[in-house]
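> Let the sequences and hints guide you as you build the complete structure.
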Amino acid sequence: MTTKTKKIVILGGGISGLSAAYYVKKIANEQQIPVEITLIEKENRLGGKLHTVKRNGFTIEKGPDAFLARKPAILELTKLLHIEDQLVATNPEAGITRILHKGKLHPMPMGFVLGIPTQITPFIKTGLISPLGKVRALFDLVIPARQGEQDESLGNFIERRLGKEVLEQITEPLLAGIYAGDTRSLSLTATFPQFQQMEQQHGSLIKGMIGGKKRKVSTNVSESPKPSSATTNQSPSIPKSMFLSYKGGLSYLIEQLKKNLESVHFRLGESVRSVQKYHQQYNLILDNGEEIEADQVISTIPAYAAAHIFAHVPNTEHLQHIHYVSVANIALAFPYTVLKESLRSPGFLVPRKEGKMITACTISSIKWNHTAPTDQVLLRVYIGRAGAEEWVDMTDEQLVTAARQDLQELLGIEAQPQLIEISRCIQSMPQYPLDHRQQMDLLRRQLAQQMPGVWLSGGGYDGVGIPDCIAHAKKTAEQVIQHIQTNS
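With the working numbering as the guide, the letters of the sequence shown map in order to residues 280 to 767.
FYI, nobody ran anything at the bench for these hints, they're computed from the structure.
Where is the CB? At the ideal position from N, CA and C, for every residue including glycine.
Hints are supplied without guarantee of correctness; some may be wrong.
[What the hints assert, rightly or not] In the SDA-like style, the derived pairs of lysine to any residue whose C-alpha atoms are separated by at most 25 Å in a straight line are:
| id | residue 1 | residue 2 |
| --- | --- | --- |
| 1 | 556 | 567 |
| 2 | 381 | 691 |
| 3 | 443 | 386 |
| 4 | 537 | 548 |
| 5 | 632 | 673 |
| 6 | 283 | 306 |
| 7 | 328 | 342 |
| 8 | 537 | 365 |
| 9 | 283 | 757 |
| 10 | 632 | 411 |
| 11 | 333 | 534 |
| 12 | 283 | 754 |
[To be verified] Distance windows between CB atoms, simulated:
| id | residue 1 | residue 2 | range |
| --- | --- | --- | --- |
| 13 | 568 | 717 | 35 to 41 Å |
| 14 | 694 | 672 | 26 to 32 Å |
| 15 | 567 | 591 | 19 to 25 Å |
| 16 | 411 | 653 | 41 to 47 Å |
| 17 | 695 | 556 | 57 to 63 Å |
| 18 | 591 | 480 | 39 to 45 Å |
| 19 | 632 | 490 | 30 to 36 Å |
| 20 | 632 | 765 | 52 to 58 Å |
Structure below.
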């Protein structure tokens, strides 16, 4: 057991950085290892993409609005923080998400997972796919499986198994909320490796998904707002819902993490220019020229920023190939009466080929009961995806005008919004390129050799979801403590 206090510096104060700090502190205390943790964040607030604002009785998420309940890492953290009683589920009476097709909003058929039908009758009845498109999708049952473990794009994979219609009409719009990316550029093995496993094990996505539901196989996207089988055996204090949030919004998790990190030295509004190895330690040079010593460094900053700091390490050029898409979301509040009864649902998705400015719309006050006064309706409109980032040069007024025009055409809302909250999320959605996992494994081996004690963690590397970020932050913290013990 070591007696010398080890200095741990964490770059980035989003959910990954805060979770890493929490678990390093927790495990170090359990192992009786003295550590001094410093967290450096370039913004003047903590939380990164998780940012909740309260205005006029509304709870507005400027970033993600929920997390998947079936992924255990965030529920484990919630329990450790003793805040299970603050969890809230989606409104069970919210209805079904819709997809725009040829100018009309169609209900998402039951039993769809990223366009993979797991129930034949709803699939046959849906108006989202043409008769020929349905026949083509069912070819998945007979098309031979591709052999080998080589990576391919998610878009090519879905089209190869289910056809172009399913890809463009269902898969791509569903993925817009997760990656905002071009599916033909996204790595399959870095986003949905279970799909490749299904093909090889069952020879069919449809067969694999149906069998997987029986065996509680985890997927990244839900097909309906019904409670998942993976959540039915949870603690009674955990609401049974596919998606969860907190009564005070997702920023509540950030606030509680900070309360549990009183011994951590937070340096906000600062950033690191470079990290240099010095004997058995590291010198971190800040943009203001100040130097900080560290025994270990956990970098949770975006890949493009890490590529600059660690440019001297071989294979860091891969980090430069991880493109980040810019997106925006606009919260608009109206009197509840503006929304026609027939259109009241959690929201709708807009495929790229529909030619609209918006990519999706969440009717937050229907999806979540805690987000708006009962006589108001709160909408969140999303803009931007890979290949459609021209909006970044538009003014706020132009963005709102474009969003309202689409809402008028699709929902018939002509009223002036009573509240507007615009969130510009520049370079916020990482796009994992082909062979991403292989390249990250190689880069981490290079880091271990040349900069032992330097770790990469966060949404830019191992999964963009909140639970994924927490899970890998915990894994990284365990590696940090193990490295200390091994070298003491």
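> Now tell me, hint by hint, if it's right for this structure.
Hints, verified against the model:
| no. | hint | verdict |
| --- | --- | --- |
| 1 | 556 with 567 | 19 Å, holds |
| 2 | 381 with 691 | 16 Å, holds |
| 3 | 443 with 386 | 20 Å, holds |
| 4 | 537 with 548 | 16 Å, holds |
| 5 | 632 with 673 | 22 Å, holds |
| 6 | 283 with 306 | 16 Å, holds |
| 7 | 328 with 342 | 5 Å, holds |
| 8 | 537 with 365 | 17 Å, holds |
| 9 | 283 with 757 | 19 Å, holds |
| 10 | 632 with 411 | 19 Å, holds |
| 11 | 333 with 534 | 14 Å, holds |
| 12 | 283 with 754 | 23 Å, holds |
| 13 | 568 with 717: 35 to 41 Å | 38 Å, holds |
| 14 | 694 with 672: 26 to 32 Å | 28 Å, holds |
| 15 | 567 with 591: 19 to 25 Å | 22 Å, holds |
| 16 | 411 with 653: 41 to 47 Å | 46 Å, holds |
| 17 | 695 with 556: 57 to 63 Å | 58 Å, holds |
| 18 | 591 with 480: 39 to 45 Å | 42 Å, holds |
| 19 | 632 with 490: 30 to 36 Å | 32 Å, holds |
| 20 | 632 with 765: 52 to 58 Å | 54 Å, holds |
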